[in-house]
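Chains as they are written, first to last, in full-length UniProt numbering: chain A, 1 to 767; chain B, 1 to 1119.
No lab work stands behind these hints, which were simulated from the structure alone.
Ideal placement from N, C-alpha and C gives every residue a C-beta, glycine not left out.
When the alpha-carbon atoms are kept at most 20 Å apart in a straight line, the in silico SDA-like pairs for lysine to any residue are as follows:
1) Lys513/A / Gly560/A
2) Lys587/B / Pro255/A
3) Lys260/A / Ala657/B
4) Lys328/A / Val310/A
5) Lys148/A / Ala591/B
6) Lys522/B / Pro255/A
7) Lys553/B / Gly182/A
8) Lys981/B / Ala1020/B
9) Lys193/A / Ala657/B
Okay, the calculated beta carbon distance ranges per label pair:
10) Asp610/B / Ile624/A: 46 to 56 Å
11) Glu141/A / Ala749/B: 46 to 56 Å
12) Pro253/A / Leu1049/B: 53 to 63 Å
13) Phe523/B / Gly259/A: 19 to 29 Å
14) Gly259/A / Asp821/B: 48 to 58 Å
15) Asp557/B / Glu141/A: 27 to 37 Å
16) Pro253/A / Asp894/B: 58 to 68 Å
17) Asp821/B / Pro253/A: 48 to 58 Å
18) Arg620/B / Gly259/A: 33 to 43 Å
19) Lys519/B / Glu149/A: 42 to 52 Å
20) Glu141/A / Lys656/B: 23 to 33 Å
21) Asp500/B / Glu141/A: 54 to 64 Å
22) Glu149/A / Phe523/B: 37 to 47 Å
Residue-level listing of the chains:
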Amino acid sequence: MATYLEFIQQNEERDGVRFSWNVWPSSRLEATRMVVPLACLLTPLKERLDLPPVQYEPVLCSRPTCKAILNPLCQVDYRAKLWACNFCFQRNQFPPAYTGISEVNQPAELMPQFSTIEYVIQRGPQSPLIFLYVVDTCLEEDDLQALKESLQMSLSLLPPDALVGLITFGRMVQVHELSCEGISKSYVFRGTKDLTAKQIQDMLGLTKPAMPMQQARPAQPKEHPFVSSRFLQPVHKIDMNLTDLLGELQRDPWPVTQGKRPLRSTGVALSIAVGLLEGTFPNTGARIMLFTGGPPTQGPGMVVGDELKVPIRSWHDIEKDNARLMKKATKHYEMLANRTAANGHCIDIYACALDQSGLLEMKCCANLTGGYMVMGDSFNTSLFKQTFQRIFSKDFNGDFRMAFGATLEVKTSRELKIAGAIGPCVSLNVKGPCVSENELGVGGTSQWKICGLDPTTTLGIYFEVVNQHNAPIPQGGRGAIQFVTQYQHSSTQRRIRVTTIARNWADAQSQLKHIEAAFDQEAAAVLMARLGVFRAESEEGPDVLRWLDRQLIRLCQKFGQYNKEDATSFRLSESFSLYPQFMFHLRRSPFLQVFNNSPDESSYYRHHFARQDLTQSLIMIQPILYSYSFHGPPEPVLLDSSSILADRILLMDTFFQIVIYLGETIAQWRKAGYQDMPEYENFKHLLQAPLDDAQDILQARFPMPRYIHTEHGGSQARFLLSKVNPSQTHNNLYAWGQESGAPILTDDVSLQVFMDHLKKLAVSSAS
Amino acid sequence: MNVNQSAPPVPPFGQPQPVYPGYHQSSYGGQPGSTAPPTPYGAYNGPVPGYQQTPPPGVSRAPPSSGVPPTSTAQVPSGQGAYGQFGQGDIQNGPSSTVQMQRLPGSQPFGSAPLAPVVSQPTVLQPYGPPPTSAQVTAQMAGMQISGAVAPAPPPSGLGYGPPTSLASASGSFPNSGLYGSYPQGQAPPPSQAQGSSGAQPPQRSAPQQASSFTPPASGVPRMPSMTGPVLPGQSFVGPPVSQPNHVSSPPPQVLHPGTQMAGLPGQLPPMHSSQQPGYQLQQNGSFGPVRGPQPNYGSPYPGAPSFGSQPGPPQPLPPKRLDPDAIPSPQLNELPPQQKTRHRIDPDAIPSPIQVIEDDRNNRGSEPFVTGVRGQVPPLVTTNFLVKDQGNASPRYIRCTSYNIPCTSDMAKQAQVPLAAVIKPLARLPPEEASPYVVDHGESGPLRCNRCKAYMCPFMQFIEGGRRFQCCFCSCINDVPPQYFQHLDHTGKRVDAYDRPELSLGSYEFLATVDYCKNNKFPSPPAFIFMIDVSYNAIRSGLVRLLCEELKSLLDFLPREGGAEESAIRVGFVTYNKVLHFYNVKSSLAQPQMMVVSDVADMFVPLLDGFLVNVNESRAVITSLLDQIPEMFADTRETETVFAPVIQAGMEALKAAECAGKLFLFHTSLPIAEAPGKLKNRDDRKLINTDKEKTLFQPQTGAYQTLAKECVAQGCCVDLFLFPNQYVDVATLSVVPQLTGGSVYKYACFQVENDQERFMSDLRQDVQKVVGFDAVMRVRTSTGIRAIDFFGAFYMSNTTDVELAGLDGDKTVTVEFKHDDRLNEESGALLQCALLYTSCAGQRRLRIHNLALNCCTQLADLYRNCETDTLINYMAKFAYRGVLNSPVKTVRDTLITQCAQILACYRKNCASPSSAGQLILPECMKLLPVYLNCVLKSDVLQPGAEVTTDDRAYVRQLVTSMDVAETNVFFYPRLLPLTKSPIESTTEPPAVRASEERLSNGDIYLLENGLNLFIWVGASVQQGVVQSLFGVSSFSQITSGLSILPVLDNPLSKKVRGLIDSLRAQRSRYMKLIVVKQEDKLEMLFKHFLVEDKSLNGGASYVDFLCHMHKEIRQLLS
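Based on the provided sequences and hints, a complete structural model is requested.
Following this line, the structure appears as structure tokens:
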């Protein structure tokens, strides 16, 4: 193991886990002094080519409060056929099937390379995947057309035995019955009336006639598919039908008078979708896919009235407490999200509109259930079309990259407790001995439900070291954590993935160097960012920034090398060197800054930030900038205004946007048409190179980024200019000389100023 | 002649012939005489004999030579004298009649004695008519009568009457008459009928009838006197032209009259009278004088009547009216045959017979158009076919009044107790010969109205100051004439353009409404029809849904359209429902209909806008596909529960969303017990019958439906309900909305496709096709002194004056009751103006105006002489049927009886000449009041039998509420037609017989209809040949009892009967299902229920018993 870097990467590769600290301070006090909490980013379903699932069930620790799963860290007595739980130290008998076990004949779960292992549960009924489309019909004609085509196309991508359903809404909500031939049939609901799940099921005729319990029981399994089949049908049976139905879908026919928004009953539509699935397929993997082209304008969950003269709430309104509908709407969607989560279903939101569409209020639907949130300008854009298509992409096994109804359980060795998790999950409220009283993120539990997840879904999980200072851990002791993820695979199998990891304890006083070296600044940055974003949801923006700053200063104070009151003497070791820069960009990021973003955009950005893996998260925090020029091969350059040079083409990836920026000279050349002249073919290639690279990114990313091709002076160049470090502004332009870059017209501080200030504060004894 | 002159004024629109209206009146005259009848009969009888001889002489027709009349007159006097002595009652009748006559312009003009008599005769005739009843006769008579009535000429026949001379003899015969009196009533002498027909015309009829009933000869005689015989011949027989000639000839008599008329009104009517009068004139003279004179006069006139009797003997046959309560056949009354003296054996033939009255009226008034130019004329009976010429008053098809002569003071009105009511049918359908109301477009300014009372311009408005202003005839306010409407007046003060403008010359016309008359100040969109079909298990199983869907496909081509429009403007929509509602999108651009289910029945709404209401032609393919699929889709349904209120609500919301008025056609099968607003429970409880709580059976269970109806009315949403119940569905509650929105309810108990298909299809077709006005408001304005205070019918009222009708079709009537506000003036009379603002089928907003002028009187006798019993019964039935909602049925019945007794007692006290207290004296016009009233009292609503369900009662109750006079008439007193008595060759309807088992002979087959039911009763000993040719089986025993279709057989009898059934059905707004009943079969009970003159199983009194009871009541009041 050469370096920590390699170690970290290897661990990530194998287990999908990255810890902020890879050597753990052995006492509670020391741990809190580390500033950055002990935490990890866990990608539960990280795609592993080399991990064939085992076709049997895991062996559990017999202690009822523990039930940890047999893992390579357990001590095994092959002769006695016993194993000791590494969490509770309970000694367990192997089950009968393991009688042949020996040092040379080990089951997979005992092999070290299987610190992560996946079991397939054969028991229980397998239920098909369910996709319920909830489609807004208050769209412009071409938008609706595009959406219809996308939906029709999606039918061919679904697994043939998956069940699909269709709900359309506008002023009314229609639940389409898919089973009937000839006449197309739908159940219609008023868009203004909130209905309880019971009412919805009654009205849809989903409630079974009251029968004596005894009779009902045996009948249930059979009747179940029958009842629901009217609204949810296997794709292979009704794809023709549904294709026609989608084809005939009309725009909402109710007249919209001048100066009004169309009446859009999103709240009720979602409520019905949730109620429908709740009544028919509770605890079965299902996706509710909401396609909306504007804000909900009536009924429960209404975000804005239908008067166009009243604009939809802005951050300004929210700050002024002027968004009167927001709280109520949010409450409605939260209630829905919680119900959905309880049922193990997830809600995707595909919002394509030029104005806001209420994502702020609806965000919890996606956030709490692990659904996707996609925001675009129109359904008639490749951004939406490809993103949507990508949802149905398959992995190398030919399985869909989606899993449902997952439960993540975390077990820790006794020196650790679980403080919480941040990600697309809800708490299952399972208290236990390893649950900390201090909450970070969603805490108070050792289990979370993630209703929808994919191979990149990543949670931040925060721990607390509870070992007391006066009870030192013996040298070489290791702390262990086990992550148990039970989920419904897209092949409809139930599976359990178990990841068990261990890290060394170290005494922070004597072995600080070890700990310091084992700091994963990338993971730490992302974990801190998640904490910040999580706070930002409930706290005022400036408070969060202040908190973040303080943490940074404290970290620098703790791990920096400096002489008191001498800023120039300040140094950070290599493992911390990038951290302040991450923080600088995080402060400027849309996750914490709402200026220039609508509430919807903020919600959208935050949503993705809370579920993407480390690499993507880092890109979000600090976009990547590549430079293409005749001076050499493409190279990453500083995200700095000084990188903006006339003879360069820049490619910036902010995760949400891909910006290609042609420097002034390049732009002029292009305008002059050099690329079309055979003698300047190299110029043509130069122009083409970033495009190809951009394509690669576009193809790989979900959701598909907004693709921006601009040039010096172009209006869209703002996307680039707003991201780079404003090292040159109108204030200091001349001081920096003529040499390079483009001045940014901003009052934001530049990284240099930030760093200077940070150093000053870090070395100050006052703070 | 005058007549002719008068005619010209008829506006271009109007039909030219204004002249004749008077005729009818003449007949009325007869009615008043009713009391008199007895005597007249006597008289008649007397004459009869003589006549009899004459009649045979079919020659009588020859008599037409008017020349005769004079003779008659001469005779008359003698006759009169005699009569006078006889029954004063009779006389009264006579006089009353005459009085009426007088009122009739015609009569007045006649002033001349001769004319008067004539009049009286006709009157007499009527009375007689009733008794005679012999249907056949009547039929012929009808024709005859017409002639008589129409063609005063006939009177010439009166000449024929020459018999009048005989009159004298008649008078002599009076004593006999006593006997005859009874006879007259008896129709017995049917055979004579033929003769009667020939002989008996107007007056004659009565006579003839009587005669017919009794001794053929007698009958013959009376006819002869009536000479009408001749008349008839002239008209009907001789052939129209001839008859006309007669009329023409009459002119001469008229000419004479003119002289007389001079005194009287120049009215065109007179001529008519005159025509009749010729024969009678003499008498009339007598009568006239008397007429004006107070009661005594009447008495005398009646005597005149008797004189008629003498002349035509028959005319005064009024006899039936007198009855001795105790010993009906009071010795005093000659009328009653001796046998009757036993209390319980009153000869049914001796009491007034509806058949006879109807027959007489037909004969007297059927042939000439009824011209509405004269104020206060009593129109012919509803059972009479007649044409109407609008000359300034609304046709009786639109408005009928209980009395055409209103007491001047409220005291008088109170004394008489005769309800003052008008039965208004604003959108009545007219026969093809009559033009529908002209549409007047006054452009943007809209119709001209009085500034104060807002009455619309009408012929009664008085233009003054050279035409610059007009005085409102209702409130006397003086209004300026707008410049664009100005026109000069002629020397009579009439506008020069009076005859160019319908609103100045016609009784009924329409204005195009301006946007001010529209909801929200927007012209309405074309209305829509929404078909809402129950698809619950019951509906599917009975085959209803399949049948209905199949039928709708073709029916949609026959939506009502306006004028010559190529296609109907009406849009259609479809909904099916059980516990939830299914709406259908049938937009033309769709390949397949789309179904939208709304299960939120608690809070109903319309799930779609575009594509729900569509043009039939544009969306035909989709609609057809939908109708094909509906039965399939629900074929396997197991849903038995239904909702109801949400369905209506949905329809109403749909119309609201589409911003139009319209009609919902609801096809519903069961009590709505599913959880939803308007949910009902089964509360049928027969134990409540005859308790104080019985009224709850008629009241709706919940107020929800009233609220809903109110909303419907506000939206102009009319609801027609077709019910197909297998058990109790609570019609009382379900019919609330149809009732309040002007819709109809149809009920098909235990619907089975095989049995009820035809009936349902036919009803549905008619209902869909009929012309409807939507979103209507009706207001009845009256001239100062009276005021509309109460309204009956299918509508909603949110204030006390405006009748709001979400929909109004040509079958619906609104009955309006008036009360005095103030004194009325005899000079100016009383005016009614009914204004109906509505949206036509094509979505045009219009105002239909009906005007009617009534006379006012200071003499009670005038009132009694100008009453219409049918209308009265219509009002009383509606009044009583509404009463059961609030009072115990017993109370309601008692109230009815008391009121009738008061009416009759008042007459007896104030108008009849003194006579023995034991004598029952009925006003001629009301002599049928007891029998009809009895029918009302025995009806299912007021006296339910064991087999009558609560639903049936509620159903009938609401049905009657909007019936017109013709419908109530036949509903309460069914028509019973013998099928095998008249020769097969005869093409006319067989003459009806009285609805009593005694009239059935077991060797005959009878047909009975009451507008809702149709029975064929087969006597046990009907000839095999007849059975074979009608039923296609060889013997009586092989006839399937309860058969509902006659086999189609190729023989004259079968064809005739089937043809008759078809024609009867065509006359009614609802299809009558046929039931074949065999004598002595268990189904016969059902049939007997309709023999309303008999004692009913559930305790209803027989006619005779009831008459006795009435008499007792009257005597009590008098003593």
